[in-house]
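Q: Using the hints provided, position chain B relative to the given structure of chain A.
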Amino acid sequence: MTTPLLEVRDLRIALDAGGRSHDAVGNVSFSIGRGETFGLVGESGCGKSITALSIMGLLRSPLSLAGGAIALDGREIQDLPAADMRRLRGKRIAMIFQEPMTALNPLSPVGRQIAEMFVLHERASWKEAWERAEDALRQVRVPSPERRVHDYPHQLSGGMRQRVMIAIALACGPDLLVADEPTTALDVTVQAEIVDLMAELCAAKGTAVLMISHDLGLVANMCERVAVMYAGRIVESQAADAIFAHPRHPYTQGLIGSLPLLSARSRHGRQKLREISGVVPSIVAYPPGCRFNPRCPAMTDICARDVPMAESLPDGGLVRCHHHG
Amino acid sequence: MKGGTSLWVGGGLVGLAVLVGVLAPWIHLTDPVLAANLMNAEIPPGREFPFGTDAQGRDIYSRIVHGARISLTVGVISQIANTLIGVTLGLTAGYWGGWWDDLVSGLTNLMLAIPSLIFALAIMAILGPGLTSLLIALGLTSWSYSCRIARAQALSLKSQGYVQAARILGYGDLRIMFTQLLPNMLGPLIVIATLGMGGAILAEATLSFLGLGIRPPYPSWGSMLSEARDQITTAPWLSVFPGLAIFFTVLGLNLLGDGLRDILDPQSVARRT
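So the sequences go chain by chain: A and B. Counting along the first sequence from 1, when you hit position 276 you're at 275 in numbering that gives the first Met the number 0, and nothing is skipped either side. Counting along the second sequence from 1, when you hit position 145 you're at 144 in numbering that gives the first Met the number 0, and nothing is skipped either side.
Simulated from the structure, these hints should not be mistaken for laboratory data. The hints are all genuine.
Estimated spans, in silico, between C-beta atoms of each pair: (1) A:ARG137 <-> B:GLY97: 39 to 45 Å; (2) B:LEU102 <-> A:VAL283: 29 to 35 Å; (3) A:TRP125 <-> B:ARG228: 54 to 60 Å; (4) B:LEU111 <-> A:GLU192: 51 to 57 Å; (5) B:LEU102 <-> A:VAL306: 42 to 48 Å; (6) A:TRP125 <-> B:ASP101: 37 to 43 Å; (7) B:ILE113 <-> A:GLU42: 53 to 59 Å; (8) A:TRP125 <-> B:GLY242: 47 to 53 Å; (9) B:ASP101 <-> A:ASP186: 42 to 48 Å.
The beta carbon of each residue, even a glycine, is placed where N, CA and C say it ideally should be.
Bound-form chain A, shown alone:
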């Protein structure tokens, strides 16, 4: 078996609050192969984004890495010195964010912000970097890039800015792109364009993608494998089509059941959308046993007592439930 590009093993992230340490994320393991697109799905506050930050080596107090290993190409990076980690960021692991409005420096032309990546990571001259910045804008299909390189972020629309962010992130041909809710702040029509563009460019450059989202539809379209996170743990991970066809964990079943389906509505008329009752528990007050048990329709005594272990599924996935079906 070949080494995966990124391997996260037993990741544990601690949150220090009021003198006590809580597990914000625990027992999280997954791996991403070269060029693979992997989805990490969950509600707000389940630990998706801090998992991504821990991969970038950017956890800040009160959060800290409490255990586990993160390996890039088989080499553990969680204990790298700050300077080495900085050289990895942007060059081998890049990231795009939810808010293209605020992620660009308002006082710097976008071309300069792209060019800076070539100067910083590839020691290019500024002249060469500007030319490559124009190419990079052309690749993300910004119209008339020779003029747009001189534009400031406020002169661009939200979709254009997200294109610029993609150009910056993919500038140095990273091995892994972490996309943290890349389309949440965009219009629905623009979302589709951006996702297609991202998928196309990453496929062309052989860049693997860790797609973090709460949008199941997006993840279903784009990802080959999907992991579902709940309250700081991965509760289920499977191939994307399998997880939608046969969700095993009651939480995944609830998530998929609560998607609005236009076809079902046309067949059966207007129906009330299904929901998962209750709210995500607070990090400082996770319930004992299975963390989903207060909201779970299949809950029994064992769920409140024992933490379910991750069980492998025949087709390569895993599920963390005492009663998985």
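A: Using the frame of chain A, we list chain B on its own:
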């Protein structure tokens, strides 16, 4: 006053002072130091001497024109020094935080607690009078304002998305400070530096008045005021004209600072339009 007006009036006054200082050797009537002639002592303003003459018979107008050079040099150079010190300390303290921030904040509070003029007086007492020691004394004693501004700006800017993004894209600390933080805090810093220039010119006048700044016979507005003290009842023009020069220059700098604040602060532009 509307932003546009104070910008133009302030800019005009400051521009005039700069112009006068630059052109001093060409627009003076007599040499400001050497053209002493006791036969002309204490002549009131008139056709031959527009601002009158002092006790040594030197032309006040020529001395004020040359005094502009000293006042502006002191204002500009001491503010450059103050801004460099203040921004370096404040930016790094706000960005890095931790013990360095505690140290810088403590030092800033200490500087704010000691009146900067007293501090400058002490430095002048050690270094002795003269332009160089004046520049050192004023350049080292009032950086606390720009330091506080830079620190506060760094604190608020470092949580901005684009600063986080820069870190995630592999920018080093220095690159983040120079490309992301500094350009975005330049507006308020320019305003503070402009206002500080007026303060420095006043401080120069005060120190020279106390006999610790520019030494006679070289003309600075403060030392001219100091020398005029004894003749304030018999020859008031000796005090009035240097006083007016200080007044209009400092007024101009303050108006300019206000005007710059209005155009450099995007929120105030949004309010006006």
